[in-house]
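A.B. asks: Protein sequences, first through last, are from chains A and B. The first sequence begins at 1 in our numbering and counts up one residue at a time. The second sequence begins at 1001 in our numbering and counts up one residue at a time.
A couple of the hints might just be wrong.
[What the hints assert, rightly or not] With a straight-line Cα cutoff of 20 angstroms, these simulated EDC-like cross-link-like pairs (lysine to aspartate or glutamate) come out:
no.: 1; chain 1: A; residue 1: Lys329; chain 2: B; residue 2: Asp1072
no.: 2; chain 1: B; residue 1: Lys1029; chain 2: B; residue 2: Asp1158
no.: 3; chain 1: B; residue 1: Lys1115; chain 2: B; residue 2: Asp1133
no.: 4; chain 1: A; residue 1: Lys329; chain 2: B; residue 2: Asp1165
no.: 5; chain 1: A; residue 1: Lys325; chain 2: B; residue 2: Glu1246
no.: 6; chain 1: B; residue 1: Lys1108; chain 2: B; residue 2: Glu1119
no.: 7; chain 1: A; residue 1: Lys329; chain 2: B; residue 2: Glu1069
no.: 8; chain 1: A; residue 1: Lys188; chain 2: B; residue 2: Asp1135
no.: 9; chain 1: A; residue 1: Lys214; chain 2: A; residue 2: Asp116
no.: 10; chain 1: B; residue 1: Lys1247; chain 2: B; residue 2: Asp1462
no.: 11; chain 1: B; residue 1: Lys1442; chain 2: B; residue 2: Asp1389
no.: 12; chain 1: B; residue 1: Lys1199; chain 2: B; residue 2: Glu1460
no.: 13; chain 1: B; residue 1: Lys1064; chain 2: B; residue 2: Glu1008
no.: 14; chain 1: B; residue 1: Lys1114; chain 2: B; residue 2: Asp1133
no.: 15; chain 1: B; residue 1: Lys1055; chain 2: B; residue 2: Glu1002
no.: 16; chain 1: A; residue 1: Lys188; chain 2: B; residue 2: Glu1119
no.: 17; chain 1: B; residue 1: Lys1265; chain 2: B; residue 2: Asp1340
no.: 18; chain 1: B; residue 1: Lys1185; chain 2: B; residue 2: Glu1031
no.: 19; chain 1: A; residue 1: Lys329; chain 2: B; residue 2: Glu1166
no.: 20; chain 1: B; residue 1: Lys1199; chain 2: B; residue 2: Asp1177
no.: 21; chain 1: A; residue 1: Lys214; chain 2: B; residue 2: Asp1072
no.: 22; chain 1: A; residue 1: Lys214; chain 2: B; residue 2: Asp1104
no.: 23; chain 1: A; residue 1: Lys329; chain 2: B; residue 2: Asp1057
no.: 24; chain 1: B; residue 1: Lys1478; chain 2: B; residue 2: Glu1460
no.: 25; chain 1: B; residue 1: Lys1064; chain 2: B; residue 2: Glu1031
no.: 26; chain 1: B; residue 1: Lys1260; chain 2: B; residue 2: Glu1279
no.: 27; chain 1: B; residue 1: Lys1029; chain 2: B; residue 2: Glu1002
no.: 28; chain 1: A; residue 1: Lys188; chain 2: B; residue 2: Glu1120
no.: 29; chain 1: B; residue 1: Lys1247; chain 2: B; residue 2: Asp1487
no.: 30; chain 1: A; residue 1: Lys329; chain 2: B; residue 2: Glu1342
no.: 31; chain 1: B; residue 1: Lys1315; chain 2: B; residue 2: Glu1258
no.: 32; chain 1: B; residue 1: Lys1442; chain 2: B; residue 2: Glu1246
no.: 33; chain 1: B; residue 1: Lys1478; chain 2: B; residue 2: Glu1258
no.: 34; chain 1: A; residue 1: Lys188; chain 2: B; residue 2: Asp1104
no.: 35; chain 1: B; residue 1: Lys1055; chain 2: A; residue 2: Glu328
no.: 36; chain 1: B; residue 1: Lys1115; chain 2: B; residue 2: Asp1104
[To be verified] Among chain B residues calculated to face chain A with C-beta under 7 angstroms, some are:
no.: 37; residue: Ile1077
no.: 38; residue: Gly1103
no.: 39; residue: His1107
In short, the hints are calculated from the structure, not lab data. No experiment lies behind these values; they were computed from the predicted model shown. Note that the Cβ used here is the ideal one computed from N, Cα and C, for glycine as well.
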Amino acid sequence: MLKRFNIKPWQLILGVVLLGVWIYCYIANTDITNSVVASGMRFGMPLALAAMVGIMCERSGVINIGIEGTMLLSGFTGFYIASWSKNIVAGLMIAILTGILTSFVHAMMTIQWKMDQIIAGTIINILASGLTSFLYKQGSTIPNSWPIFDIPILGQIPFIGHAFFTQQGPIQYLGLILIPAIWVMMYKTRWGLRTRAVGENPGSADTAGVSVIKVRMINVMFGGAIGGFVGGFICLELVGSFSKEFTAGSGFTALALMIFGRWNPMGAFAAAILFGLAQALSTQLQIFGVTNIPNQFITMLPYVFTIVVLAVSAGKVRPPAAAGKSYEKEQA
Amino acid sequence: MEALLRIEHLSKSFPGVKANDDISIEVHKGEIVALLGENGAGKSTLVKSVFGLVKPDSGTITIKGEEIEPGDTAAAIRHGVGMVHQHFQLVPVMSVVENIILGDEPHKGVFVTKKAAREEVIALSARYGLEVDPDAFVEDLPVGIQQRIEILKALRKDIDLLILDEPSAVLTPHEIDELLEVIRKLAASGVGILFITHKLHEVMAVADRVVVLRNGKLVGTTTPKETNEEGLAQMMVGRNVVLSVEKGPARAKEVALEIKDLSVKDDRHLDAVTHFSLEVRAGEILGIAGVEGNGQRELVEAICGMRHRQTGTVKVSGKESPDMDPRGVHLMGVSHIPEDREKDGLVSSYSIADNLTLNQFNLKPFSVKGIRDFNARDEYADRLVKEFDIRTPSFQNSASSLSGGNKQKVVVARELTQNSHVIVASQPTRGVDVGSIEFIHKQLISARDGGAAVLLVSAELDEILSLSDRIAVMFGGKIVAIIDGQDADRQYVGRLMAGLSG
Chain A
1 MLKRFNIKPW QLILGVVLLG VWIYCYIANT DITNSVVASG MRFGMPLALA
51 AMVGIMCERS GVINIGIEGT MLLSGFTGFY IASWSKNIVA GLMIAILTGI
101 LTSFVHAMMT IQWKMDQIIA GTIINILASG LTSFLYKQGS TIPNSWPIFD
151 IPILGQIPFI GHAFFTQQGP IQYLGLILIP AIWVMMYKTR WGLRTRAVGE
201 NPGSADTAGV SVIKVRMINV MFGGAIGGFV GGFICLELVG SFSKEFTAGS
251 GFTALALMIF GRWNPMGAFA AAILFGLAQA LSTQLQIFGV TNIPNQFITM
301 LPYVFTIVVL AVSAGKVRPP AAAGKSYEKE QA
Chain B
1001 MEALLRIEHL SKSFPGVKAN DDISIEVHKG EIVALLGENG AGKSTLVKSV
1051 FGLVKPDSGT ITIKGEEIEP GDTAAAIRHG VGMVHQHFQL VPVMSVVENI
1101 ILGDEPHKGV FVTKKAAREE VIALSARYGL EVDPDAFVED LPVGIQQRIE
1151 ILKALRKDID LLILDEPSAV LTPHEIDELL EVIRKLAASG VGILFITHKL
1201 HEVMAVADRV VVLRNGKLVG TTTPKETNEE GLAQMMVGRN VVLSVEKGPA
1251 RAKEVALEIK DLSVKDDRHL DAVTHFSLEV RAGEILGIAG VEGNGQRELV
1301 EAICGMRHRQ TGTVKVSGKE SPDMDPRGVH LMGVSHIPED REKDGLVSSY
1351 SIADNLTLNQ FNLKPFSVKG IRDFNARDEY ADRLVKEFDI RTPSFQNSAS
1401 SLSGGNKQKV VVARELTQNS HVIVASQPTR GVDVGSIEFI HKQLISARDG
1451 GAAVLLVSAE LDEILSLSDR IAVMFGGKIV AIIDGQDADR QYVGRLMAGL
1501 SG
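Sequences are here, hints too, so could you generate the full structure?
C.D. replies: Written out as structure tokens, the structure is:
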């Protein structure tokens, strides 16, 4: 069972311990626990979705460090289009479209022209940062964000209901559907099997008549669509505005979470929620005015957590074997 | 009768080489055609053209009377062509079932129907008598089984033509026998078979017809009945080849390599070599016979300082050699022809000249006072390229541009020209054509006659039998017997290799 899902015993122990802490806190103080968990969800969801971008790309063999730039660009276009057209849905659509176009550029560079994938991602990041800073205009607003609402019935479930299904916007709920859908796609469908094969040994897929280029292009662009979706999500729903460099390194954090989740959508989701919780907890500690610990240390908490987690799991992880390598048909 | 496969006037050039030059071949239903040729003769290019992995420059490929689109693998598969590649095209982290169904998965809508897939694989392996565990992960399986999966992958598509690119190169003798049996069975069921090999006795054993290529050109077609191994070798190389090794009696002198109580663990930290002791004398060739995976690789790596010695010592000319220090071992006068030339023998992106001086570039005359002397290197490289007949337009080309056999010659040239006391040669002729095998064998013997102690490890029993002055048979990490090379009996050694008591 553990082997089948590639879960290490210590991960299981970590999960059980956290669950125990959660239950304990829930019983001790339901309200505060609920609000911390819910805000952990809010912090974690964009990271989880950004990690999906990484998973889509790397599972098919393309390392994408341009997630940061993709989100930045799509958040930018999404926000200004929404502001100009007074229509959030239009904004979100444009954000997704921007994500697809950005990743198309990335895909052309890495898959067709076989450029170094790290350099291609860096280009996207620099381009996005420069372009959005240059074109940035202060004072734009978007029409009222979508209402925050509770999902009936599901929101009533004791213990988990409040954390997952209340007090969120529609995009957040959409993410809850999207992540398991990507998992199903990756492990249960023909496309997923081919994607994983292309990411592990493109030669085996090629000789089985699967087009490596096509599989990679589509996966990277689908990943880009999710990246655009996240950018739009942050600027249009979560924060409700565009600010310079709003991504603040979250694209890279997402990659770390993807590794922690072992390139598995559900694993990365769990890792992202854990990271979100650490962030929510640090915020909560600040609110409560824990004064005997300097503020800076508390703010550091989620990042220290990421470093520790990565340091512990690094070396044991096994990325898709062909990630980072352009595919060339064997010659001679 | 309409031919199953007809290749007409096919040509293909790569930068600097004409890999295939106006080749025409036919393969009929149920026929086994062997494709023979030296390394770099263009065999792989030819079969890859048939399978659509390489797009020919000109010429046509017709299958069952229909011309197929060049350079389109999917079209080749549709026309009933299956191929088993030299380098297995399997996904190591996936199960046997997943590997076999990849590309044409049983499905309902977008979902893979795992149960149906599994049943199909079981039925398939039963139908052809090729037993596999459908749920095993490929990376856990031995190469023989991995190849079986490759064959099943090809057979699944109801093929009419099966191409096998050097299928026996990595197999043990027993696995090869099984493979030949499978090939015969398939041909009997009406599948046309085109297979590449270097091993002449395999050709003699199964082929109905033999097609020989040399330097990209078709030099002739024959049948095993009309010729013999010598005849085939001559066609391949274009001159007389002596298949049997000519060597004088060994004049063994003092002990040059002394291994005492050596224990080594493999990559999975299991015991690979246990309390192993052996002496090799200067002026003799000691061959280690054994089925692959009985500790030979670990033994060689431990001797050469590439793997930690758990217990025991290795002495070179009476002095203890350092553990885990390949350079230190080398400087004591040990040359090593590694089993995996790509990984341990060459730096592929370096030039041939640099590879030829890889372990002495910092020594005189290639370096003077810490500054490299490229003229000295180039002169040396030029000499070795000629002497060892390394086929390349220039020694400035990268090692990766060479064909497998020529890469091996680079390693052999480097290691055998350093007047070493001890030469450890692991699979020195793997994947090398007969002409080069003859040459490498001669080099090993002249090194022996020059007073070096040669430790030869090979999965090719014939190679061991023809070269060795003494033969140590290894089984389960131990030596089960040491016999004199002169009166070694093939059957007897084979039984010892299988762990039987003789």
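A.B. asks: Hint by hint, say whether it matches the structure.
C.D. replies: Cross-check of the supplied hints:
A threshold of 20 angstroms between alpha carbons decides the hint, and for Lys329 (chain A) with Asp1072 (chain B) the separation of about 12 angstroms falls inside it, so the pair holds. In summary, the hint linking Lys1029 (chain B) to Asp1158 (chain B) is supported, as the alpha carbons are separated by about 14 angstroms, within the 20 angstroms threshold. Between Lys1115 (chain B) and Asp1133 (chain B) the CA atoms are separated by roughly 14 angstroms; this keeps the pair inside 20 angstroms, and the hint holds. With a CA separation close to 16 angstroms, the supplied pair Lys329 (chain A) and Asp1165 (chain B) stays within the 20 angstroms bound.
At roughly 47 angstroms between alpha-carbon atoms, Lys325 (chain A) and Glu1246 (chain B) are farther apart than 20 angstroms, so this suggested pair is violated. Restraint check: the Cα-Cα separation between Lys1108 (chain B) and Glu1119 (chain B) comes to about 15 angstroms, which is no more than 20 angstroms; the hinted pair holds. Taking the CA atoms of Lys329 (chain A) and Glu1069 (chain B), the gap is about 17 angstroms. The hint holds against a cut of 20 angstroms. Between Lys188 (chain A) and Asp1135 (chain B), the direct Cα distance comes to roughly 16 angstroms. Compliance with the 20 angstroms bound is thereby established for this hinted pair.
In summary, the hint linking Lys214 (chain A) to Asp116 (chain A) is supported, as the alpha carbons are separated by about 19 angstroms, within the 20 angstroms threshold. Only pairs whose Cα atoms come within 20 angstroms are accepted, and Lys1247 (chain B) paired with Asp1462 (chain B) is accepted, the gap being roughly 15 angstroms. Pair hint Lys1442 (chain B) plus Asp1389 (chain B) holds up; C-alpha atoms about 13 angstroms apart against a cutoff of 20 angstroms. In summary, the hint linking Lys1199 (chain B) to Glu1460 (chain B) is supported, as the alpha carbons are separated by about 10 angstroms, within the 20 angstroms threshold.
At most 20 angstroms may separate the alpha-carbon atoms for a hinted pair to count; Lys1064 (chain B) and Glu1008 (chain B) meet this at roughly 14 angstroms. For a cut-off of 20 angstroms, the pair hint linking Lys1114 (chain B) to Asp1133 (chain B) stands: about 15 angstroms separates their Cα positions. Taken as a hint, the Lys1055 (chain B) and Glu1002 (chain B) pair is broken in the structure, with Cα atoms around 24 angstroms apart against an allowance of 20 angstroms. Restraint check: the Cα-Cα separation between Lys188 (chain A) and Glu1119 (chain B) comes to about 17 angstroms, which is no more than 20 angstroms; the hinted pair holds.
In summary, the hint linking Lys1265 (chain B) to Asp1340 (chain B) is supported, as the alpha carbons are separated by about 19 angstroms, within the 20 angstroms threshold. At most 20 angstroms may separate the alpha-carbon atoms for a hinted pair to count; Lys1185 (chain B) and Glu1031 (chain B) meet this at roughly 11 angstroms. For the hint linking Lys329 (chain A) to Glu1166 (chain B), the alpha-carbon distance of about 19 angstroms falls within 20 angstroms, and the restraint holds. Pair hint Lys1199 (chain B) plus Asp1177 (chain B) holds up; C-alpha atoms about 13 angstroms apart against a cutoff of 20 angstroms.
The suggested pairing of Lys214 (chain A) with Asp1072 (chain B) holds, with an alpha-carbon distance near 14 angstroms, which does not exceed 20 angstroms. Between Lys214 (chain A) and Asp1104 (chain B) the CA atoms are separated by roughly 16 angstroms; this keeps the pair inside 20 angstroms, and the hint holds. With a C-alpha separation of about 16 angstroms, the suggested pair Lys329 (chain A) and Asp1057 (chain B) falls inside the 20 angstroms cut-off, and the hint holds. Straight-line distance between C-alpha atoms of Lys1478 (chain B) and Glu1460 (chain B) comes to about 19 angstroms, which keeps the hinted pair within the 20 angstroms bound.
At roughly 14 angstroms between alpha-carbon atoms, Lys1064 (chain B) and Glu1031 (chain B) fall within 20 angstroms of each other, so this suggested pair holds. A threshold of 20 angstroms between alpha carbons decides the hint, and for Lys1260 (chain B) with Glu1279 (chain B) the separation of about 8 angstroms falls inside it, so the pair holds. Of the pairs offered as hints, the one joining Lys1029 (chain B) and Glu1002 (chain B) holds, with about 9 angstroms between alpha carbons and a cut-off of 20 angstroms not exceeded. Of the supplied pair hints, the one linking Lys188 (chain A) and Glu1120 (chain B) holds, its CA atoms being roughly 18 angstroms apart against a limit of 20 angstroms.
Of the pairs offered as hints, the one joining Lys1247 (chain B) and Asp1487 (chain B) holds, with about 15 angstroms between alpha carbons and a cut-off of 20 angstroms not exceeded. With a C-alpha separation of about 19 angstroms, the suggested pair Lys329 (chain A) and Glu1342 (chain B) falls inside the 20 angstroms cut-off, and the hint holds. Distance restraint check for Lys1315 (chain B) and Glu1258 (chain B): the Cα-Cα separation of roughly 5 angstroms lies within the 20 angstroms cut-off, and the hinted pair is therefore satisfied. Between Lys1442 (chain B) and Glu1246 (chain B) the alpha-carbon distance is near 8 angstroms, which keeps this suggested pair within the 20 angstroms criterion.
Among the hinted pairs, Lys1478 (chain B) with Glu1258 (chain B) is consistent with the structure: their alpha-carbon atoms are about 16 angstroms apart, no more than 20 angstroms. Taking the CA atoms of Lys188 (chain A) and Asp1104 (chain B), the gap is near 14 angstroms; set against the 20 angstroms cutoff, the hint holds. Note on Lys1055 (chain B) and Glu328 (chain A): the hinted pairing holds, with a Cα-Cα distance of about 14 angstroms set against a maximum of 20 angstroms. Distance restraint check for Lys1115 (chain B) and Asp1104 (chain B): the Cα-Cα separation of roughly 15 angstroms lies within the 20 angstroms cut-off, and the hinted pair is therefore satisfied.
Because the closest C-beta pair between Ile1077 (chain B) and chain A is about 5 angstroms apart, less than 7 angstroms, the hint holds. Because the smallest distance between the Cβ of Gly1103 (chain B) and any Cβ of chain A comes to about 3 angstroms, under 7 angstroms, the interface hint for this residue holds. Here the hint on His1107 (chain B) is kept, as its CB sits about 5 angstroms from the closest CB of chain A, short of 7 angstroms.
Going down the numbered hints, you'll see the structure goes against 5, 15, while the others check out.
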